[in-house]
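Asks: Using the hints, put the two chains back together into the complex; each one sits in its own frame.
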Amino acid sequence: MKPANDKWGFRAEGSEQINLDKADSSLYRRLLNREPGFAACLFCGSCRATCTSGNEGMNFRLAHLLLQRGETARLKSLTDPCLLCGKCTLVCPRNVNIRAVVYNLKIMLHEPF
Amino acid sequence: MYQHNRYQKGKPQQVAVVGAGVAGLSAALTLKKQGVGVVVFEKDESPGGHLQQWHALFPDREPAAGVLDLLKQEVSEQKISLRTQTEVAAVTPSGDKFRIETSQGEQNEFDAVLLATGFQLFDAARKEEYGYGIYQRVITSAGLEQRLGHGGTGLTVNGRPPHRVAFVHCVGSRDEKVGNHYCSKVCCVTGVKQAITIKEHFPQCEVLNFYMDLRMFGTGYEELYREAQEKWGVMFIRGRVSEASQMYDGTIQLKAEDTLMGRPVRATVDWLVLLVGMEPEKRAQLWARSLGLRTGQAGFFSSPEKFLHPSLTTVNGVFTAGACTGPASIPESVSQGRAAAISVLEFLAKKDEAGK
Ligand SMILES: Cc1cc2nc3c(=O)[nH]c(=O)nc-3n(C[C@H](O)[C@H](O)[C@H](O)COP(=O)(O)OP(=O)(O)OC[C@H]3O[C@@H](n4cnc5c(N)ncnc54)[C@H](O)[C@@H]3O)c2cc1C
Ligand code: SF4
Ligand code: SF4
Ligand code: SF4
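Chains L and W supply the protein sequences, listed in that same order.
Positions 1 to 113 (our numbering) are the ones given, in order, by the first sequence.
Positions 1 to 356 (our numbering) are the ones given, in order, by the second sequence.
Just chain W, with the same shape it has in the complex (with noise of 0.2 Å):
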């Protein structure tokens, strides 16, 4: 089961990387590549973490089903030891190892530890005033990629195409009231990516995005927003959507301001997707804080060096990598996933150095 590390000289060194989201994976199919023992525990029932939820991805509209299944054949390739319905429940130092603990009661001792669980989408339901949970056709930008499939027979009303589609931005983001104060980044580009694939199933549907301001800060994302209005005609109201009622016949009415116009505006809509944020995952959050990692204000755990070095943490010999940093696209994540595996590489050649 011990491998030995390209750069080892002494004992064979064994990593635990927490998450089999697309950044744990890449971190631990990085770390096996260069010839280091690595165990992946995952809490769900099978790997690729949000990745395995969506429909599409930006910016490309590329079918996430295929990056889910090159990841995993990649996986399976590399033989990486993959232990799924395993959460882990606990990190503790143990000499100059760590011992991680499963929710089953089961221990095992590493060299180095990666963290990468992750985040958790905000609660739609605390933000009353839009009626998830509530009124059937206030559904969350999670719950729409589900609806996307299948040629978008999950948007029909009594067998018909919906006349009108209002997303809402920042739900759960930007936000005292919910205390996220922080921008989740990838909802704005998911929102103009929704826009689109509902308006290619749906051509003489309307949408309507209600946005604070809009953020395009990717490759791709502007020139996708640009599509969005010249193609296929969705229109961006600038102004947050304040109330969400149920009418008598399912439809939602609700009300903002257009603030471009400086009046209130009045809308009814068959479906109001709510672009839900991101927050860190908290069950993760418990037990690392007990390890003594510092998190950052919005709960994101981060890196002493955040410019050099954004994969350490202030235990030496923890990593991060991926959404548990903060939010991040999925190729960033892979990327930060990658890095860490680098970071990690060196923390156990030095180790391995010190032990002989």
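Bound-form chain L, shown alone (with noise of 0.2 Å):
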């Protein structure tokens, strides 16, 4: 992520710092209801770097993990380009349907909330 006002190398305002008081982890609970095993994930990053759109900025590993840490503003760029295709689900570890998860991610971000 680029930061707004880099212009003198650094930011005077605004934090990197993820706050878990204050994460809202509520879309990350509703996608576990819908598909609870991708909480098995290890963050390994096998399914990106098998990924048939992994150079489009298909990332599962990484939106997995703002979603677990309540960030919502980048998932849907990080999940756009998935066509959905399921080879990432032949090499995960832990048997995640990341395809399944992803169709749904895909689904809720598009709902009205």
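Treat the hints with care, as some may be off.
[What the hints assert, rightly or not] Straight line, CA to CA, 27 Å or less: simulated BS3-like cross-link-like pairs of lysine-lysine:
(1) 255/W - 177/W
(2) 11/W - 351/W
(3) 22/L - 231/W
(4) 306/W - 255/W
(5) 22/L - 185/W
(6) 106/L - 231/W
(7) 185/W - 306/W
(8) 22/L - 255/W
(9) 33/W - 43/W
(10) 97/W - 255/W
(11) 79/W - 33/W
(12) 231/W - 177/W
In case anyone wonders, no lab produced these hints; they're calculated from the structure.
Replies: If you want it as structure tokens, here you go:
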């Protein structure tokens, strides 16, 4: 993420810090209700490495991490490139049905909250 | 008092076991069943070692009290001679025997000695940045075990369930700052087990585990980790907690780097649990060194033939088993105790042959 005012190489306002006290994990929980299995994800990165759209910015590992930390802003751009081809689900060591998770996430991101 | 060993032809032989933890007791039971005279010295009031302090055991969360009772029952059935409240203060060679001196000044001679002096917990106050001993809601994993009984009432805050609990892995282990470079091995799975127990007591409580690496080395441990994620929603954050501070309401604020996100993270918790590591028992280490026992880099006893004869020491006739040889789980300590007993029997048989 490029800071808005990085003219001087640093930012005077805003913080990179993740504050778990303010994190809103409601979307994460709703997605877990639909696809509980992805809680077993180890953040190993195999899915992204093998992903057909990996070079287009598709990154399930990072999307999951952001979701878990309650950060939703980048989720759309991180999952939009997914073609739902299912290649990633062949490599996941924890057998997460990534395609189904992304599919449901895409729907939820387009649904009104 | 003296008994005849099954293999024995000459004089009756007697073995001293130092430490009545799971390792020492398992060794004593094996020796006794083979007909060897054993005396177990224990500095505490009661046998069992650290097992006495645990609530439920990984990986199955089996109640520790049941395991302890079974062990004690066997000890009394086998009529093991157990000398509690008797600390061994020195072991010295005396002819072809070893003289055991207790802290009360009593002296006795034995044909062989088995050291099962176990470990001591890392003193968490040495990691000053976590405020253990200063902030009330910063506790150790050992302290948490005691609070987990009675439905977890020891964790309620002003009568209500805790909102959030965080665990810090590797406290006093893998840390050059405290002089302990080694991994204590059992704390990762202890942290996972304790996280689950908290969720069992308080399903609404959020549990965070801050780790550097997760080391799920044993049978059933990885499965337990997965259960913690999938079934209980425990959140594992890779990053070492750098500091903790107490807030006005007694909660603890912690700071770490969320290294997978590459960003700093902050969280307020009701309890901060420090997963303390294992250190060699310092007092036993001192007299063992003057006896000529070699210790490895980390200070635990080490065998000159660690692959094939792990219970041997650099002194012929002195053997070791359990966590005094390095971090170990209970089943490992028990196996080591039983294996060491066999090495003792082999030594006694040879001694017996030579004596004839
Ligand atoms: C927080 C925590 C939780 C754990 N939970 C589990 C678990 O759930 N499952 C599991 O498998 N393992 C668990 N462990 C590991 C387990 O505690 C050890 O494997 C076990 O205690 C080792 O047994 P031991 O007999 O070698 O040593 P200890 O249990 O340390 O016993 C050694 C005994 O020797 C005595 N002693 C020492 N020096 C002398 C002396 N000079 N004279 C006389 N007596 C002496 C001590 O008083 C002590 O009674 C846990 C460890 C920790 C730190
Ligand atoms: S299903 Fe989506 S995330 Fe998985 S490999 Fe295909 S494009 Fe990538
Ligand atoms: S491959 Fe599976 S475990 Fe690895 S990051 Fe992707 S979803 Fe998670
Ligand atoms: S077992 Fe885990 S918590 Fe314990 S020292 Fe090793 S890595 Fe750290």
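Asks: Going through the earlier hints one by one, which of them does the structure break, listed in rising order?
Replies: 4, 5, 10, 12
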